[in-house]
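> So the sequences go chain by chain: A and B.
According to the numbering used here, the first sequence is numbered sequentially starting from 1.
According to the numbering used here, the second sequence is numbered sequentially starting from 114.
Bear in mind the hints are in silico, worked out from the structure with no lab data behind them.
Don't take every hint at face value.
On the chain B side, residues computed to face chain A include the following (Cβ under 10 angstroms) [what the hints assert, rightly or not]:
id : residue
1  : S125
2  : V126
3  : G129
4  : F147
5  : L157
6  : L159
7  : K162
8  : A167
9  : F180
10 : K181
11 : K182
12 : S186
13 : Q223
14 : P226
Simulated restraints, written as ranges between beta carbons of each label pair [as the list claims (entries may be wrong)]:
id : chain 1 : residue 1 : chain 2 : residue 2 : range
15 : A       : G16       : B       : E179      : 46 to 52 angstroms
16 : B       : A166      : A       : L54       : 30 to 36 angstroms
17 : B       : A166      : A       : P8        : 38 to 44 angstroms
18 : B       : A114      : A       : M15       : 22 to 28 angstroms
19 : A       : I55       : B       : S116      : 30 to 36 angstroms
20 : B       : S139      : A       : K22       : 44 to 50 angstroms
21 : A       : Q14       : B       : P143      : 45 to 51 angstroms
From the three backbone atoms N, C-alpha and C, an ideal C-beta is built for every residue, glycine too.
Letter by letter, the chains look like this.
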Amino acid sequence: DTAVSQTPKYLVTQMGNDKSIKCEQNLGHDTMYWYKQDSKKFLKIMFSYNNKELIINETVPNRFSPKSPDKAHLNLHINSLELGDSAVYFCASSPRKSGNTIYFGEGSWLTVV
Amino acid sequence: AQSVTQLGSHVSVSEGALVLLRCNYSSSVPPYLFWYVQYPNQGLQLLLKYTSAATLVKGINGFEAEFKKSETSFHLTKPSAHMSDAAEYFCAVGVANTDKLIFGTGTRLQVFP
Numbered sequence: 001d002t003a004v005s006q007t008p009k010y011l012v013t014q015m016g017n018d019k020s021i022k023c024e025q026n027l028g029h030d031t032m033y034w035y036k037q038d039s040k041k042f043l044k045i046m047f048s049y050n051n052k053e054l055i056i057n058e059t060v061p062n063r064f065s066p067k068s069p070d071k072a073h074l075n076l077h078i079n080s081l082e083l084g085d086s087a088v089y090f091c092a093s094s095p096r097k098s099g100n101t102i103y104f105g106e107g108s109w110l111t112v113v
Numbered sequence: 114a115q116s117v118t119q120l121g122s123h124v125s126v127s128e129g130a131l132v133l134l135r136c137n138y139s140s141s142v143p144p145y146l147f148w149y150v151q152y153p154n155q156g157l158q159l160l161l162k163y164t165s166a167a168t169l170v171k172g173i174n175g176f177e178a179e180f181k182k183s184e185t186s187f188h189l190t191k192p193s194a195h196m197s198d199a200a201e202y203f204c205a206v207g208v209a210n211t212d213k214l215i216f217g218t219g220t221r222l223q224v225f226p
């Protein structure tokens with residue numbers, strides 16, 4: 001069983017479109033994240049949620065809207081896609097405690113054309 | 114503020130040679146430190162982590178890292194490289210009193226036959 005699963009794995013879309021990436025974890029963790037990896041492989045946190053509550057929002061444009069229907073799911077909706085949004089988006093989860101391991105999904109490769 | 118710096122964006126070794134990937138950290142409090150590996154087109158997988166229990170940390174696939182406070186370093190080593198070790202390696206620090214990780218810029222390891 002995949003611990004952190006996200007769909008779709010690959011997504012190619014045109015500028016201006018709206019798209020969503022879904023994420024689910026079956027680890028029973030309280031905290032879920034979205035990280036962005038750019039073309040230079042740099043990884044940066046976007047959001048974190050704990051038990052459906054937004055904890056971290058790292059000055060991401062408000063075109064990005066995370067939604068957590070329950071603590072096992074954290075979806076990412078992106079409005080009005082721009083070329084610069086092309087990246088790999090990783091969902092992740094961890095037990096809520098400083099120093100705990102963060103478990104990552106396989107990533108969603110988003111290409112905006 | 115906490116941060117990590119990975120020295121060398123690319124490291125090349127021959128199969129069977131020693132692998133040394135460098136990471137230095139900056140932290141005003143005892144840090145939690147992690148090494149993750151990313152194989153091509155995959156997510157991040159935890160190799161090992163330091164949480165102050167022991168300065169020499171052993172991880173998966175024969176990797177280990179030593180926490181050296183005097184040098185603010187957490188270098189990753191493996192005595193004998195294997196072709197399957199070719200990947201991107203990320204050092205990360207857990208930000209105190211939060212759930213988030215700050216990643217280094219990554220080091221690509223190439224292994225030649």
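> Each of the hints needs a verdict: does it hold here or not?
For each hint, the structure was consulted:
1. Checking S125(B) against chain A by beta carbon gives a least distance of about 17 angstroms; that is not within 10 angstroms, so the hint is violated.
2. The criterion of a C-beta within 10 angstroms of any C-beta in chain A is not met by V126(B), whose closest approach is roughly 19 angstroms, and the hint is violated.
3. Interface restraint check for G129(B): the shortest CB-CB distance to chain A comes to about 27 angstroms, outside 10 angstroms, so the restraint is violated.
4. The criterion of a C-beta within 10 angstroms of any C-beta in chain A is met by F147(B), whose closest approach is roughly 7 angstroms, and the hint holds.
5. With a least beta-carbon distance of about 4 angstroms to chain A, the hint placing L157(B) at the interface is held under the 10 angstroms criterion.
6. Look at L159(B): its Cβ gets to within about 5 angstroms of chain A, closer than 10 angstroms, so that hint holds up.
7. Against a cut-off of 10 angstroms between C-beta atoms, the interface hint on K162(B) holds, since the closest Cβ of chain A lies about 6 angstroms away.
8. Hint status for A167(B): violated, given a least beta-carbon distance of 14 angstroms to chain A, over 10 angstroms.
9. Taking 10 angstroms as the C-beta cut-off, the interface hint given for F180(B) is violated, the closest approach to chain A being about 13 angstroms.
10. Checking K181(B) against chain A: minimum C-beta separation of about 19 angstroms lies over 10 angstroms; hint violated.
11. Because the beta carbon of K182(B) sits about 16 angstroms from the nearest beta carbon in chain A, more than 10 angstroms, this interface hint is broken.
12. Interface restraint check for S186(B): the shortest CB-CB distance to chain A comes to about 19 angstroms, outside 10 angstroms, so the restraint is violated.
13. For the restraint placing Q223(B) at the interface with chain A, the shortest Cβ-Cβ distance is roughly 14 angstroms, beyond the 10 angstroms limit, so the hint is violated.
14. A cut of 10 angstroms between beta carbons decides the hint on P226(B): the least distance to chain A is about 25 angstroms, and the hint is violated.
15. Against the hinted window of 46 to 52 angstroms, the Cβ-Cβ separation of G16(A) and E179(B) comes to about 50 angstroms, which satisfies the hint.
16. Distance hint check: the CB atoms of A166(B) and L54(A) are about 32 angstroms apart, consistent with the given range 30 to 36 angstroms.
17. A hinted range of 38 to 44 angstroms for the beta carbons of A166(B) and P8(A) is consistent with their spacing of about 40 angstroms.
18. The supplied range of 22 to 28 angstroms is broken by A114(B) and M15(A), whose beta-carbon atoms lie about 35 angstroms from each other.
19. For the pair I55(A) and S116(B), the supplied restraint of 30 to 36 angstroms is violated, since their beta-carbon distance comes to about 21 angstroms.
20. A hinted range of 44 to 50 angstroms for the beta carbons of S139(B) and K22(A) is inconsistent with their spacing of about 36 angstroms.
21. Between Q14(A) and P143(B) the beta carbon distance is about 48 angstroms. The supplied range of 45 to 51 angstroms therefore holds.
Violated hints, listed in ascending order, are 1, 2, 3, 8, 9, 10, 11, 12, 13, 14, 18, 19 and 20; each of the other numbered hints is respected by the structure.
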